[in-house]
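K.L.:
The primary structure of each chain is shown beneath.
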Amino acid sequence: MDAIILQILNGLDKGSAYALIALGLTLIFGTLGVVNFAHGALFMIGAFCAVTMQRLLTLSHTVIDPSQTDFLGNPLQTKVPYLASIIGADGAQALIAWAVPLSIILVIPVMLFVGWAIERGLIKHFYKRPHADQILVTFGLAIVLQEIIRAVYGANPIQSPAPPMFSGSIDLGQYLGFQANAIVYPIWRLVYFGFSTLIIGAVFAFLQFTTFGMVVRAGMADRETVGMLGIDIDKRFTLMFGLAAAVAGLAGAMYAPIVSPNYHMGMDFLVLSFVVVVVGGMGSLPGAVFAGFLLGILQGFASMNEVKAILPGIDQIVIYLVAIIILLTRPRGLMGRVGVMED
Amino acid sequence: MLGLTKKDFSLFILVVALTLLAPIILNPFPVNSSLGQTFNAGYPALLQRFAIFGILVVGFNILFGLTGYLSFGHAAFLGVGSYAAVWMFKLLSFNIIPAIVLSVVVAGLFSVVIGYVSLRRSGIYFSILTLAFAQMSYALAYSVLTPLTNGETGLQVYPSDPQVLASVGAPSAPHIFGLPMAQSATWSGGGWVFTFEVGYYLCALMLILAFYLSIRIFRSPFGMMLRAIKSNQTRMNYTGLNAKPYMLRAFIISGMYAGLAGGLLAAMDPLTGAERMYWTASGEIVVMAILGGVGTLIGPVVGSGVIKYLENIVSKINDNVLHSALRALPDGLENFLVNIIHPFVGEGWHLTLGLLFMVVVIFLPGGLVQGGQKLGAMFNRQSGNTTAAERDAARQTPSKPAE
Numbered sequence: 000m001d002a003i004i005l006q007i008l009n010g011l012d013k014g015s016a017y018a019l020i021a022l023g024l025t026l027i028f029g030t031l032g033v034v035n036f037a038h039g040a041l042f043m044i045g046a047f048c049a050v051t052m053q054r055l056l057t058l059s060h061t062v063i064d065p066s067q068t069d070f071l072g073n074p075l076q077t078k079v080p081y082l083a084s085i086i087g088a089d090g091a092q093a094l095i096a097w098a099v100p101l102s103i104i105l106v107i108p109v110m111l112f113v114g115w116a117i118e119r120g121l122i123k124h125f126y127k128r129p130h131a132d133q134i135l136v137t138f139g140l141a142i143v144l145q146e147i148i149r150a151v152y153g154a155n156p157i158q159s160p161a162p163p164m165f166s167g168s169i170d171l172g173q174y175l176g177f178q179a180n181a182i183v184y185p186i187w188r189l190v191y192f193g194f195s196t197l198i199i200g201a202v203f204a205f206l207q208f209t210t211f212g213m214v215v216r217a218g219m220a221d222r223e224t225v226g227m228l229g230i231d232i233d234k235r236f237t238l239m240f241g242l243a244a245a246v247a248g249l250a251g252a253m254y255a256p257i258v259s260p261n262y263h264m265g266m267d268f269l270v271l272s273f274v275v276v277v278v279g280g281m282g283s284l285p286g287a288v289f290a291g292f293l294l295g296i297l298q299g300f301a302s303m304n305e306v307k308a309i310l311p312g313i314d315q316i317v318i319y320l321v322a323i324i325i326l327l328t329r330p331r332g333l334m335g336r337v338g339v340m341e342d
Numbered sequence: 000m001l002g003l004t005k006k007d008f009s010l011f012i013l014v015v016a017l018t019l020l021a022p023i024i025l026n027p028f029p030v031n032s033s034l035g036q037t038f039n040a041g042y043p044a045l046l047q048r049f050a051i052f053g054i055l056v057v058g059f060n061i062l063f064g065l066t067g068y069l070s071f072g073h074a075a076f077l078g079v080g081s082y083a084a085v086w087m088f089k090l091l092s093f094n095i096i097p098a099i100v101l102s103v104v105v106a107g108l109f110s111v112v113i114g115y116v117s118l119r120r121s122g123i124y125f126s127i128l129t130l131a132f133a134q135m136s137y138a139l140a141y142s143v144l145t146p147l148t149n150g151e152t153g154l155q156v157y158p159s160d161p162q163v164l165a166s167v168g169a170p171s172a173p174h175i176f177g178l179p180m181a182q183s184a185t186w187s188g189g190g191w192v193f194t195f196e197v198g199y200y201l202c203a204l205m206l207i208l209a210f211y212l213s214i215r216i217f218r219s220p221f222g223m224m225l226r227a228i229k230s231n232q233t234r235m236n237y238t239g240l241n242a243k244p245y246m247l248r249a250f251i252i253s254g255m256y257a258g259l260a261g262g263l264l265a266a267m268d269p270l271t272g273a274e275r276m277y278w279t280a281s282g283e284i285v286v287m288a289i290l291g292g293v294g295t296l297i298g299p300v301v302g303s304g305v306i307k308y309l310e311n312i313v314s315k316i317n318d319n320v321l322h323s324a325l326r327a328l329p330d331g332l333e334n335f336l337v338n339i340i341h342p343f344v345g346e347g348w349h350l351t352l353g354l355l356f357m358v359v360v361i362f363l364p365g366g367l368v369q370g371g372q373k374l375g376a377m378f379n380r381q382s383g384n385t386t387a388a389e390r391d392a393a394r395q396t397p398s399k400p401a402e
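Chains as they are written, first to last, in numbering that gives the first Met the number 0: chain A, 0 to 342; chain B, 0 to 402.
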């Protein structure tokens, strides 16, 4: 029993990331009808926003202290963050430790802008082109974004730790009535799971309970009619692209303590997220979220030693296997609407 | 001639001439000049890649160009072909004939399985299915199939391998009936050195054969049927034709081309690893095809050539080369220009590739070939000769791919 719970938990953090990326992909597909291969790159840019925040906070100037000398006898030079001279050394240290959660305030405007720029500058011209062209141009865009990040930040992964309060692990077993050390789980992954449910809830609430969201949903169902009612649906859809980019960016920024950001992390997540979207059903938002968690947890189970003993290597391929079976037996995915991209 | 129309025949002769003379054409600068060290591409290792990737993309074009089905997992066939070839080296001998035959056969069988399943869906679902299969092959090659693939180390030939057919005097590297692939003749004169290698000429011969076959397929009733499926599959079905067998045949042919390319890669360097099957490798094939011009005959050869050239040349350019190239300019301007160009060359060549790819997709859906035709048509109009050439260009420009 405890082993099963542990595997479910192990699947949750990956599943959360899949769900968030797939949610954005589906939003873009459902509103604009575009298959966005650059979505993984947006996830990656989000993660690098966390790195940038860390660098901004630790931006330092050199202070020369003539009263002390280093081992060569020269006046001691220390690097002091600018922040420390504004709010004091202790405050600065606390803020720097919280760089990853703080990066949220950087991610949202940056990603909204990036999403807006991509939609207006590039994707707008591809609505009338075939899906294959959209895939190709966004694939090219993903390469370009990824290489720009590599040119700026280098090719090596950059560590970005979680705040000290959330680093380390927690013995969940004790709270649930199992023996000690049965279920030990990193705290940040729990935080990530909570954060992603929050974001998913917020996106759904936004679509469900605001007038803006209602118009967007109407546009997803029948774009032409909404346009005829005198609503500028294109402008709203552009904003939805920005929103989808922001969701991917937030997913990436908060994922930074789990996997150190590197320039190709987006590509690694992209393929899996596409599989998630297809399994959930093209254009179905709840489907994307459900399939994200489902596949994450399935992957967790497949990497159990007991399962691997029966079916070796299953942990590597379970997601693709599920996708192939679903695509062949239920063409519109688990929760896809009838008639949406069914052929 | 050779069953080709006059126009196709001249195109074929052009490709034959280019591939056979490539060691000379691609070495335009003297060996020891700085330009030569950077821009000369006539060395065997690179020439082999031109030819091998040419074969691969010509095959991919038979699938994507004719039927419009975008396979995002084509690298799997390349990888399978390579593994099959290296196994032949390990078990039989370093003679490349059985290795290449087996790599084509194995890749063909593999594509029967993948094609049969994937072709039940079309559009983006087909792309994702092929992607999923390729990623599965990659993951399995890395983990469970280690006894077959030697996992992360990569499959290679060890002295302890059986090699039951190896004769005593045969070279201990890939050879064709005793003639080693790495053997080469050089011809030098006046600072220029040209290398003619057995391995390259084998690949070139295969490329010429592959290209000839692709012309025949493009012009055959079978090719016409594939184009019909691309433009309107539903109508094909209503006229009582089952499109599936045609699609599957195209998929298998295309997979066998990839297997041949994989076998040749192994024949040039008897070592292979799972990373050849990773999905970015498949992406590279797509990029090559699009860049050159999908659905045209010469496009794939152009695309793979341009990308392999850029990969090897642009990634070799560093700041020293830039400084020496821009020496004539004033210092401030020189440093400024070097700083501007720096991110696009050397390690950053992928950035150049991505930008080039995007520009082609946005402005030239027909690839570089279409660009060339547009230019040609423009010049013709200027000289007042609008008739024949322009009509040709208009006819050859691929119609917009159907969804």
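Derived from the structure by calculation, the hints contain no laboratory data. Some hints here could point you the wrong way.
What the hints assert, rightly or not - These stretches of chain B come out as covered by chain A in the derived footprint (C-beta under 8 Å, 3 or more residues):
# : segment
1 : 270 to 282
2 : 353 to 362
3 : 369 to 375
Don't be surprised by glycine CBs; every beta carbon is placed ideally from N, CA and C.
K.L.:
For each hint, tell me whether it holds in the structure or not.
P.N.:
For each hint, the structure was consulted:
no.	hint	in the structure
1	270 to 282	holds (count 3)
2	353 to 362	holds (count 6)
3	369 to 375	violated (count 0)
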